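Engineer: What follows is the residue order along each chain.
Protein chains: 2
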Amino acid sequence: MHRELPGFTETRAFGNLMSLAEKPYDLTGPSALLEKGRLAAYRCRSGLLSLYYATQRVDDAVLLELQNLADELQLVEQFKGMRRGAVINRIVGYESENRQVLHTACRDIFDSSPVAPVATAEAKKELEKLKKFLKELEDGKLCNRNGQRFDTMIHVGIGGSDLGPRAIFEALKAYDFSGKKVFFISNVDPDDAAGVLSQVNLKTTLVNIVSKSGTTLETLTNERFVRNAFEKVGLDPAAHCIAVTGEESPMDDPDSYLRTFYMYDYIGGRFSTTSMVGAVMLGFYLGFSQMMEFLQGASVVDRESEETDIRKNISLLLALLGVWNHNFLDYSTVAILPYCQALHRFPAHLQQCDMESNGKSIDRIGRKIEVHTGPIVWGEPGTNGQHAFYQLLHQGTEIVPVEFIGFTESQYGQDTVVYGSTSQQKLLANLYGQMVAMAIGQDAENPNRVFQGNRPSCLLMAEKLTPRVMGALLATYEAKIVFQGFAWNINSFDQEGVQLGKILATSFLEKMNQPAGDCSDLHQQFLKQFSAKI
Amino acid sequence: MHRELPGFTETRAFGNLMSLAEKPYDLTGPSALLEKGRLAAYRCRSGLLSLYYATQRVDDAVLLELQNLADELQLVEQFKGMRRGAVINRIVGYESENRQVLHTACRDIFDSSPVAPVATAEAKKELEKLKKFLKELEDGKLCNRNGQRFDTMIHVGIGGSDLGPRAIFEALKAYDFSGKKVFFISNVDPDDAAGVLSQVNLKTTLVNIVSKSGTTLETLTNERFVRNAFEKVGLDPAAHCIAVTGEESPMDDPDSYLRTFYMYDYIGGRFSTTSMVGAVMLGFYLGFSQMMEFLQGASVVDRESEETDIRKNISLLLALLGVWNHNFLDYSTVAILPYCQALHRFPAHLQQCDMESNGKSIDRIGRKIEVHTGPIVWGEPGTNGQHAFYQLLHQGTEIVPVEFIGFTESQYGQDTVVYGSTSQQKLLANLYGQMVAMAIGQDAENPNRVFQGNRPSCLLMAEKLTPRVMGALLATYEAKIVFQGFAWNINSFDQEGVQLGKILATSFLEKMNQPAGDCSDLHQQFLKQFSAKI
Numbered sequence: 004m005h006r007e008l009p010g011f012t013e014t015r016a017f018g019n020l021m022s023l024a025e026k027p028y029d030l031t032g033p034s035a036l037l038e039k040g041r042l043a044a045y046r047c048r049s050g051l052l053s054l055y056y057a058t059q060r061v062d063d064a065v066l067l068e069l070q071n072l073a074d075e076l077q078l079v080e081q082f083k084g085m086r087r088g089a090v091i092n093r094i095v096g097y098e099s100e101n102r103q104v105l106h107t108a109c110r111d112i113f114d115s116s117p118v119a120p121v122a123t124a125e126a127k128k129e130l131e132k133l134k135k136f137l138k139e140l141e142d143g144k145l146c147n148r149n150g151q152r153f154d155t156m157i158h159v160g161i162g163g164s165d166l167g168p169r170a171i172f173e174a175l176k177a178y179d180f181s182g183k184k185v186f187f188i189s190n191v192d193p194d195d196a197a198g199v200l201s202q203v204n205l206k207t208t209l210v211n212i213v214s215k216s217g218t219t220l221e222t223l224t225n226e227r228f229v230r231n232a233f234e235k236v237g238l239d240p241a242a243h244c245i246a247v248t249g250e251e252s253p254m255d256d257p258d259s260y261l262r263t264f265y266m267y268d269y270i271g272g273r274f275s276t277t278s279m280v281g282a283v284m285l286g287f288y289l290g291f292s293q294m295m296e297f298l299q300g301a302s303v304v305d306r307e308s309e310e311t312d313i314r315k316n317i318s319l320l321l322a323l324l325g326v327w328n329h330n331f332l333d334y335s336t337v338a339i340l341p342y343c344q345a346l347h348r349f350p351a352h353l354q355q356c357d358m359e360s361n362g363k364s365i366d367r368i369g370r371k372i373e374v375h376t377g378p379i380v381w382g383e384p385g386t387n388g389q390h391a392f393y394q395l396l397h398q399g400t401e402i403v404p405v406e407f408i409g410f411t412e413s414q415y416g417q418d419t420v421v422y423g424s425t426s427q428q429k430l431l432a433n434l435y436g437q438m439v440a441m442a443i444g445q446d447a448e449n450p451n452r453v454f455q456g457n458r459p460s461c462l463l464m465a466e467k468l469t470p471r472v473m474g475a476l477l478a479t480y481e482a483k484i485v486f487q488g489f490a491w492n493i494n495s496f497d498q499e500g501v502q503l504g505k506i507l508a509t510s511f512l513e514k515m516n517q518p519a520g521d522c523s524d525l526h527q528q529f530l531k532q533f534s535a536k537i
Numbered sequence: 004m005h006r007e008l009p010g011f012t013e014t015r016a017f018g019n020l021m022s023l024a025e026k027p028y029d030l031t032g033p034s035a036l037l038e039k040g041r042l043a044a045y046r047c048r049s050g051l052l053s054l055y056y057a058t059q060r061v062d063d064a065v066l067l068e069l070q071n072l073a074d075e076l077q078l079v080e081q082f083k084g085m086r087r088g089a090v091i092n093r094i095v096g097y098e099s100e101n102r103q104v105l106h107t108a109c110r111d112i113f114d115s116s117p118v119a120p121v122a123t124a125e126a127k128k129e130l131e132k133l134k135k136f137l138k139e140l141e142d143g144k145l146c147n148r149n150g151q152r153f154d155t156m157i158h159v160g161i162g163g164s165d166l167g168p169r170a171i172f173e174a175l176k177a178y179d180f181s182g183k184k185v186f187f188i189s190n191v192d193p194d195d196a197a198g199v200l201s202q203v204n205l206k207t208t209l210v211n212i213v214s215k216s217g218t219t220l221e222t223l224t225n226e227r228f229v230r231n232a233f234e235k236v237g238l239d240p241a242a243h244c245i246a247v248t249g250e251e252s253p254m255d256d257p258d259s260y261l262r263t264f265y266m267y268d269y270i271g272g273r274f275s276t277t278s279m280v281g282a283v284m285l286g287f288y289l290g291f292s293q294m295m296e297f298l299q300g301a302s303v304v305d306r307e308s309e310e311t312d313i314r315k316n317i318s319l320l321l322a323l324l325g326v327w328n329h330n331f332l333d334y335s336t337v338a339i340l341p342y343c344q345a346l347h348r349f350p351a352h353l354q355q356c357d358m359e360s361n362g363k364s365i366d367r368i369g370r371k372i373e374v375h376t377g378p379i380v381w382g383e384p385g386t387n388g389q390h391a392f393y394q395l396l397h398q399g400t401e402i403v404p405v406e407f408i409g410f411t412e413s414q415y416g417q418d419t420v421v422y423g424s425t426s427q428q429k430l431l432a433n434l435y436g437q438m439v440a441m442a443i444g445q446d447a448e449n450p451n452r453v454f455q456g457n458r459p460s461c462l463l464m465a466e467k468l469t470p471r472v473m474g475a476l477l478a479t480y481e482a483k484i485v486f487q488g489f490a491w492n493i494n495s496f497d498q499e500g501v502q503l504g505k506i507l508a509t510s511f512l513e514k515m516n517q518p519a520g521d522c523s524d525l526h527q528q529f530l531k532q533f534s535a536k537i
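Residue numbers (this note's numbering), protein chains in the order written: chain A, 4 to 537; chain B, 4 to 537.
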């Protein structure tokens with residue numbers, strides 16, 4: 004399919020956008036934000052989310068060309084193909100993973116006719132297993148050897164098996180009604196496991212070990228670390244450990260685990276949050292039905308993302324606005340700034356999902372890419388960030404496009420009126436204030452009080468951060484990342500870039516336990532210089 | 004002083020560095036890292052830290068010109084002036100803060116002849132107050148109305164009053180021997196306070212409210228939020244609240260607080276971690292003497308940072324390598340990647356400290372700057388990041404200079420041998436593996452397995468992350484940021500860039516509680532569009 008499509012720079016839209024980028028919409032004029040009903044016109048509403056983008060440096064001409072770009076590159080067609088099982092995780096002509104990309108099938112479970120029926124049937128089967136498992140825990144059928152219920156889970160994983168689940172756990176703490184505890188171990192740093200183990204009662208703890216391949220070094224090491232801790236206090240680890248892994252992976256071993264849940268090779272780690280990778284922990288913590296609401300929110304967005312009109316498709320529009328900022332206005336990073344403390348780890352997950360997917364330099368037939376691919380993604384919650392790095396956003400020499408995220412209501416609904424307004428009102432007022440300040444800037448006689456303005460932003464907004472909305476937000480960003488990968492004609496689903504470091508780490512490890520040898524060897528030299536005492 | 008100095012681009016070194024940047028050192032050659040004893044030569048050791056920089060794209064010629072740049076711009080002289088009380092927080096000819104910059108005086112308390120005696124005497128006085136307070140808590144002289152000891156502290160602050168203290172708290176959890184608990188509230192998002200309050204026993208909780216001005220909206224709002232919670236359960240907030248604020252600020256009120264500790268206007272928020280802003284919470288959590296070790300580590304580095312030879316001054320060298328990467332090799336961001344889970348919030352603090360200090364566009368006499376000032380700073384711990392965004396670091400189209408941080412030993416000293424090596428060995432092997440992989444790259448027939456290499460990095464290393472080493476690391480980065488600000492001839496100590504957003508937030512707040520009015524009003528229009536239900 005891809006070979007028949009024009010390359011990014013070969014589209015007619017590319018040239019037109021290059022011209023338009025020479026004079027992007029000026030947001031600083033006195034009525035620049037109000038002209039032609041801009042605030043209402045540059046707004047896209049869907050089932051659960053709204054995207055406000057009047058504070059981007061775009062006008063109707065730019066939006067039209069972005070639509071043309073999407074059409075010429077058949078972005079929505081490609082997305083539809085992905086959801087229906089096209090083998091798009093590959094580099095044509097070279098050895099590659101050659102896989103389907105079907106994370107969306109994990110949540111296409113609410114309709115009687117899923118678009119990728121085989122994968123969705125597999126997802127449903129695992130969900131049924133999970134439902135039964137959670138019921139057994141709840142009923143007390145499954146408990147520790149003293150008949151006590153499991154009240155704690157340690158989730159052991161790294162990267163895609165950690166960041167997404169952890170971000171969602173943090174985001175939905177307000178919906179824990181059972182008082183259960185969840186901890187995470189990810190880093191091979193032994194202090195990560197030691198710190199967590201110092202806080203839990205192992206007797207009533209389940210350990211959820213998550214590795215698709217069943218061979219992830221950090222995860223297996225931490226699993227051993229935790230199993231040792233059980234053994235030290237005379238407990239049988241196999242009675243406390245469960246596994247999320249690929250069928251027939253080295254971890255698919257009923258003797259070692261109380262239960263095993265499967266994920267499949269058509270789901271990449273960084274897109275696996277809605278598979279068993281996230282669902283087991285979230286089901287344990289939030290209960291099965293709230294976890295299902297999370298999946299449902301994602302499912303709604305997946306279907307909405309097949310809309311071809313970019314002004315009615317939030318994920319696609321977000322992707323194209325990002326392409327405009329990155330490739331045409333030449334900004335190398337994007338900041339994701341949620342005005343919501345519960346989303347404090349969501350930017351870290353998106354940093355992974357985006358940068359691992361689109362930090363690539365060759366296209367889908369192995370040619371070197373001429374344009375910039377994935378940007379650097381970073382961010383922290385507001386209003387905190389306002390007292391931290393926003394100085395640079397307003398007055399620095401680096402321009403940073405911002406994607407704000409906000410909610411009309413708070414999660415706990417506990418609030419206090421101070422100085423005539425609630426905290427939630429203050430939070431939103433600050434969010435709106437920042438959008439306007441970045442856009443319009445400020446003139447002043449004191450040069451230190453001049454704000455240049457024209458710093459682009461947009462806002463993804465929902466009523467309240469519920470499990471369903473969280474699913475929608477996650478799926479929106481997953482689709483955004485996929486659309487951008489399609490636009491740049493790269494394979495967003497492999498990660499060859501992490502291999503070389505692993506190989507070199509293995510070489511170092513081998514040398515560490517050998518006597519010092521050949522002095523011209525790079526590894527020996529490194530170890531000699533770096534390991535000496537200060 | 005500054006007016007007599009050449010501007011950054013007016014130095015002779017600038018032109019020479021521009022020429023050298025046309026062909027920076029190639030790290031990808033087969034022996035590029037071993038030539039001329041490079042690993043040993045490009046290493047700087049000080050009392051507590053080592054900096055390894057052989058994997059930067061520099062050679063002796065570049066280092067010589069960076070030395071010349073430092074000399075021409077009198078960076079060390081300016082640093083000495085700062086420590087001795089020069090009024091450098093100002094823009095000459097315009098209204099500005101006109102203050103000294105003396106965070107270093109807070110830790111210059113171990114020598115009989117401090118370089119800024121008045122400020123250090125004030126710091127000592129507060130430390131004595133703190134010591135007495137902690138003793139009273141320990142002895143049980145100061146306790147709640149039922150005679151119970153305070154075992155929990157909620158630290159309420161934002162930005163500089165939050166990120167630094169929180170990062171250090173997280174970094175030093177392994178040194179808590181008392182079992183005390185500490186929580187943080189920062190965001191004006193009401194869920195932040197509600198989430199924390201749901202976890203604490205107010206009866207035995209001290210609330211530490213930190214605001215230099217005593218007027219920070221978020222902090223005062225959260226203070227009120229917390230005080231309401233005390234009142235609701237029939238407790239007197241004044242018997243549970245302590246304050247860290249400026250002398251004579253609105254918060255300097257003995258009727259409302261159990262104790263008040265002072266910070267002074269010559270200490271900026273983002274540089275205030277070693278003042279009472281961090282010391283009160285750290286003293287409560289770690290005990291007075293471990294907190295003093297943290298200050299001592301910082302004090303050691305402050306003195307070392309007055310060395311004029313850049314190859315013997317870690318902070319200065321780190322600053323200049325950053326300038327080389329940012330201004331001459333044209334990389335817009337820098338990633339700080341600690342191979343240490345305990346430092347997981349240290350990059351967020353440095354993001355603040357750096358971007359708020361150096362995200363500026365005018366110089367110290369109010370002229371627009373021609374070069375790039377502060378970079379975008381971001382980062383997460385390794386090895387986690389390897390499974391997240393490192394794909395882009397290795398194969399993306401954006402080049403990201405990396406500052407690694409590592410330690411020979413772990414904090415807890417609990418470790419397990421798995422597959423023939425300890426976790427700590429695996430952690431270090433991965434760190435070294437990444438440095439080498441980024442530098443040398445890899446050729447391959449499969450274009451997807453080609454690594455371009457020449458991606459610069461360096462490593463700050465110490466034996467173990469102790470309180471003392473943490474102080475040294477913090478002071479190293481503080482000095483690095485200050486040196487870079489001096490190099491670009493900007494005022495790193497104000498933050499005018501946060502004002503406009505605050506003003507606009509206030510306007511929005513006013514409109515929120517008024518009936519909808521003038522439709523041509525930007526604020527009303529925003530509220531109308533954004534607040535409508537989806």
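Since the hints were derived computationally from the structure, they do not count as laboratory data.
Some hints could be false.
No distinction is drawn between identical chains; accordingly, a pair holds when it is met within one copy or between any pair of copies.
Derived pair list, reagent style DSS-like, types lysine-lysine, alpha-carbon separation capped at 27 Å [stated by the list, open to error]: (1) Lys26 x Lys134; (2) Lys39 x Lys531; (3) Lys135 x Lys235; (4) Lys183 x Lys132; (5) Lys138 x Lys183; (6) Lys183 x Lys206; (7) Lys531 x Lys505; (8) Lys315 x Lys505; (9) Lys138 x Lys371; (10) Lys467 x Lys514; (11) Lys206 x Lys176; (12) Lys315 x Lys184; (13) Lys184 x Lys206; (14) Lys26 x Lys371; (15) Lys531 x Lys315; (16) Lys467 x Lys531; (17) Lys235 x Lys176; (18) Lys132 x Lys206.
Since the model is a prediction, treat every value here as computed from it, not as a measurement.
Engineer: All hints are to be evaluated individually against the structure, with a verdict given for each.
Structural biologist: Now the hints, each set against the structure:
1. Within a single copy, Lys26 and Lys134 get their C-alpha atoms no closer than 56 Å, and across copies no closer than 61 Å, so neither meets the 27 Å cut-off.
2. For a Cα distance limit of 27 Å, the shortest separation of Lys39 from Lys531 across copies, 16 Å, qualifies, whereas the shortest one inside one copy, 67 Å, does not.
3. Proximity of Lys135 and Lys235 under a CA criterion of 27 Å is satisfied in neither setting, with 31 Å inside one chain copy and 42 Å between copies.
4. Only within a single protomer do Lys183 and Lys132 lie at most 27 Å apart by alpha-carbon distance; the minimum there is 21 Å, versus 41 Å between protomers.
5. Proximity of Lys138 and Lys183 under a CA criterion of 27 Å is satisfied intra-copy only: 15 Å inside one chain copy versus 37 Å between copies.
6. For the homomeric pair Lys183 and Lys206, the shortest alpha-carbon distances inside one copy (14 Å) and between copies (24 Å) are both at most 27 Å.
7. For the identical chains of this complex, Lys531 and Lys505 are intra-copy neighbours only, at 20 Å inside a copy versus 53 Å across copies, given an alpha-carbon limit of 27 Å.
8. Taking CA atoms no more than 27 Å apart as the test, Lys315 paired with Lys505 passes in neither setting, with 43 Å inside one copy and 33 Å between copies.
9. When the C-alpha separation of Lys138 and Lys371 is checked against a cutoff of 27 Å, the pair qualifies neither within a copy, at 52 Å, nor between copies, at 66 Å.
10. In the homo-oligomer, the alpha carbons of Lys467 and Lys514 lie at most 27 Å apart only across protomers (22 Å), although the nearest pairing inside one protomer, at 53 Å, exceeds that limit.
11. In this assembly of identical chains, Lys206 and Lys176 lie within 27 Å of each other by CA distance both inside one copy and across copies; the values are 24 Å within and 24 Å between.
12. In this assembly of identical chains, the alpha carbons of Lys315 and Lys184 never lie at most 27 Å apart, being 40 Å within a copy and 49 Å across copies at closest.
13. In this homomeric assembly, Lys184 and Lys206 come within 27 Å of each other (Cα to Cα) both inside a single copy, at 13 Å, and across copies, at 23 Å.
14. For a Cα distance limit of 27 Å, the shortest separation of Lys26 from Lys371 across copies, 22 Å, qualifies, whereas the shortest one inside one copy, 29 Å, does not.
15. In this assembly of identical chains, Lys531 and Lys315 lie within 27 Å of each other by CA distance solely across copies; the values are 20 Å between and 60 Å within a copy.
16. Proximity of Lys467 and Lys531 under a CA criterion of 27 Å is satisfied inter-copy only: 18 Å between copies versus 55 Å inside one chain copy.
17. In this assembly of identical chains, the alpha carbons of Lys235 and Lys176 lie at most 27 Å apart only when taken from different copies (24 Å versus 32 Å within one copy).
18. In this homomeric assembly, Lys132 and Lys206 come within 27 Å of each other (Cα to Cα) only inside a single copy, at 24 Å, whereas the closest approach across copies is 44 Å.
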